[in-house]
Amino acid sequence: MEDVAFWVLAVAAVASGVAVFVVDSMARATFALLASFLCVGAELLLIDLHYLGVLVILMMIMEMLVMAVFMVMYMMNPAGLMPMTMLHNTRGALAISGGAFVVLAAGIFTVPWPERAGRPPRDPTLALGESVMGPKMLVMMVIGIAILATMIATVVLATHRGRYDRDGAP
Amino acid sequence: MVEVVVLGMLAVAAASLNGAFAGRPAEPFQEAARLLTLQRRRTARADVLLTRIGVVSLPLAAALAALVVPFGDRAAVGSGVGVVWFNAMEVVAWGAVWLAGWGVNSAFGLVGGYRFLAQGLAYELPHMFALITAALAAHSLDLRIIGEAQGGLWFAVWMPAAFAVYLVSALAMAFWGPFGHPVGGDAAGGVLAELSGPDRLVFLAGRYGLLTVAAAVAVPLFLGGGAGPWLPAWLWSPVKTCAVLALLVWTRRRFPVLRMDRAMTVAWTVLIPATVLQMLVVAIVVV
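First to last, the protein sequences are chains A and B.
Taking my numbering, the leading residue of the first sequence gets 1, the next gets one more, and so forth.
Taking my numbering, the leading residue of the second sequence gets 1, the next gets one more, and so forth.
One thing to keep in mind: the hints can contain errors.
Stated by the list, open to error - Chain A regions said to be covered by chain B (calculated; three or more residues, Cβ under 8 Å): (1) 11-20; (2) 48-59; (3) 90-103.
What the hints assert, rightly or not - A few chain A residues that don't get close to chain B, going by computed Cβ distances all over 12 Å: (4) Asp3; (5) Val4; (6) Ala5; (7) Phe6; (8) Cys39; (9) Tyr74; (10) Ala106; (11) Phe109; (12) Val111; (13) Arg116; (14) Asp123; (15) Pro124; (16) Leu126; (17) Gly134; (18) Lys136.
As the list claims (entries may be wrong) - Facing chain A, a subset of chain B residues (Cβ under 8 Å, in silico): (19) Phe21; (20) Val48; (21) Ser79; (22) Trp85; (23) Asn87; (24) Ala88; (25) Val91; (26) Val92; (27) Gly95; (28) Trp98; (29) Trp102; (30) Leu117; (31) Leu141; (32) Asp186.
Hints were generated in silico from the structure; no laboratory data involved.
Backbone N, C-alpha and C fix where the C-beta goes; we use that ideal spot for every residue, glycine too.
Work out the full structure, taking the sequences as your base and the hints as a guide.
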């Protein structure tokens, strides 16, 4: 049963990944990519990493919706419902992606994979939290603050409104 | 599964209550019958597939979120990460509303969809902080355990800021009442402008479903779960849910609609600092 679910999700993930480059609308491409990510999140749920799986689903939905805004905004025809193509510089892209695929596939077969050591923890969420926030606490805190500061700074720089001209009044 | 069905019935009751505030409690049923028999209005070069996905995923997300809502200590799916699952499912509304607004190829629908995304960015961070605060105090992401952890004192009492922010974000995620700007009358109904017939019915049902689930999750998070005198725990949860839901529905006729850029200002300058301070206080008390 789990094997069937794994293969269905795996094929769906790859298929919707392919769909990103086949469809002719930016909105469809965005949501095909989202569907691919959601399949990957569901794969994580299958191997009992519940927290990580749900987190991937949560973050990918939010991220892709924000992405949708930017992808549509930077398009050549922002209407988006008009036909467009995701393929540019097809020959170069084919060479690069083919090369990357060959390198990665070769890596799979040539790397000596380590044998499994230990067993999965009883509560993977707790184990994850301790390994991230235990020894790496300082790094994670600094990164968290840095990301928040970057977000606020970007918004402040991007908006033309100051703090005294709210609601667009000059 | 009983829990999900009960929440579905509460969603219908919420629609009826909203009608009752206008003096017509049967209005949603009449409207539902009318929409079911109405032919769909078609717009030129609409993206039908995306519209349908958006319309259907709103009630679907509400139902999936309802899976982890506990009545007493029983939920349809006993998940150890119920809080995160609920959060993930209510974020599906972002996609649903944007798709429904985008797909119909109408300027008003598009405006509504983008408004909801902006509103989402405003409410989501304070909302997440409020969720985390309750989870932090109970040392768990499991809604059942959070509900049981409030034996002495309900979280609503000693973390009022988080509770208030949660209620506000519950309204915002269902674009209800003061946060109804994405479907605002100033944009001819926004996302709802071009949805007609069964599409409109399913979408509106999804919105009531989302509002109901948000009210139901407030109970284990802040209102002691199934705790209470005389009645059994499985009954207290829906009773409290009804009370929260009635409060949320009531806001619609009590408060004016807030523009989403103003909601954004309030969210980032008031709600986020308030929830962060609340979390700091809770963290110090708990640890």
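Each hint, compared with the structure:
Coverage of a stretch by a chain is defined here by at least three residues with a beta carbon nearer than 8 Å to that chain's beta carbons; for the region 11-20 of chain A and chain B the count is 0, and the condition is violated. For the region 48-59 of chain A, the stated coverage by chain B is satisfied: 6 residues place a CB nearer than 8 Å to a CB of that chain, which reaches the threshold of 3. Given a C-beta distance limit of less than 8 Å, the hint that chain B covers the region 90-103 of chain A is violated, as 0 residues qualify and 3 are needed. Non-interface status of Asp3/A relative to chain B is upheld: no Cβ of that chain comes within 12 Å, the nearest being about 22 Å off.
For Val4/A, the shortest C-beta to C-beta distance to chain B comes to about 20 Å, beyond the 12 Å cut-off, and the non-interface label holds. The beta carbon of Ala5/A is kept farther than 12 Å from every beta carbon of chain B, the shortest such distance being approximately 16 Å. No Cβ of chain B approaches the Cβ of Phe6/A within 12 Å, the least distance being about 20 Å, so the stated non-interface status holds. Residue-level check passed: Cys39/A sits 15 Å from the nearest beta carbon of chain B, beyond 12 Å.
With 12 Å as the threshold on Cβ separation, the claim that Tyr74/A sits away from chain B holds: the shortest Cβ distance comes to roughly 15 Å. Listed as outside the interface, Ala106/A is consistent with that label: its C-beta sits roughly 36 Å from the nearest C-beta of chain B, beyond the 12 Å cut-off. Every Cβ of chain B is farther than 12 Å from the Cβ of Phe109/A; the closest lies at roughly 36 Å, confirming the non-interface assignment. Residue placement check: Val111/A keeps its beta carbon more than 12 Å from all beta carbons of chain B (closest about 32 Å).
No beta-carbon of chain B is positioned within 12 Å of the beta-carbon of Arg116/A; the least distance is around 24 Å. Under the 12 Å C-beta cut-off, the non-interface status given to Asp123/A relative to chain B is violated; the minimum distance is some 8 Å. Distance to chain B contradicts Pro124/A as a non-interface residue, since its nearest Cβ pair spans about 10 Å, not more than 12 Å. Non-interface call for Leu126/A relative to chain B: violated, since the shortest CB-CB distance, roughly 10 Å, does not exceed 12 Å.
Every CB of chain B is more than 12 Å from the CB of Gly134/A (nearest about 15 Å), matching its label as outside the interface. With 12 Å as the threshold on Cβ separation, the claim that Lys136/A sits away from chain B holds: the shortest Cβ distance comes to roughly 19 Å. Interface hint status for Phe21/B: violated, as the beta-carbon distance to the closest one in chain A is roughly 30 Å, over 8 Å. Restraint check, Val48/B versus chain A: the minimum CB separation of about 12 Å is more than 8 Å; hint violated.
With 8 Å as the threshold, the beta carbon of Ser79/B comes within range of chain A, its nearest partner Cβ sitting at about 7 Å, so the hint holds. Contact between Trp85/B and chain A, as hinted, is supported at the beta carbon level, the nearest pair being about 5 Å apart and thus within 8 Å. About 6 Å separates the beta-carbon of Asn87/B from the nearest beta-carbon of chain A, less than 8 Å, and the hint is met. With a least beta-carbon distance of about 4 Å to chain A, the hint placing Ala88/B at the interface is held under the 8 Å criterion.
Look at Val91/B: its Cβ gets to within about 5 Å of chain A, closer than 8 Å, so that hint holds up. Because the beta carbon of Val92/B sits about 6 Å from the nearest beta carbon in chain A, less than 8 Å, this interface hint is met. Here the hint on Gly95/B is kept, as its CB sits about 6 Å from the closest CB of chain A, short of 8 Å. Restraint check, Trp98/B versus chain A: the minimum CB separation of about 6 Å is within 8 Å; hint holds.
Hint status for Trp102/B: holds, given a least beta-carbon distance of 5 Å to chain A, under 8 Å. Here the hint on Leu117/B is kept, as its CB sits about 6 Å from the closest CB of chain A, short of 8 Å. Annotation: interface hint on Leu141/B holds; nearest CB of chain A at approximately 7 Å, less than 8 Å. Interface hint at Asp186/B: violated, since its Cβ lies 15 Å from the closest Cβ of chain A, which is beyond the 8 Å cut-off.
In this structure, the earlier hints numbered 1, 3, 14, 15, 16, 19, 20, 32 are contradicted, and the remaining ones agree with it.
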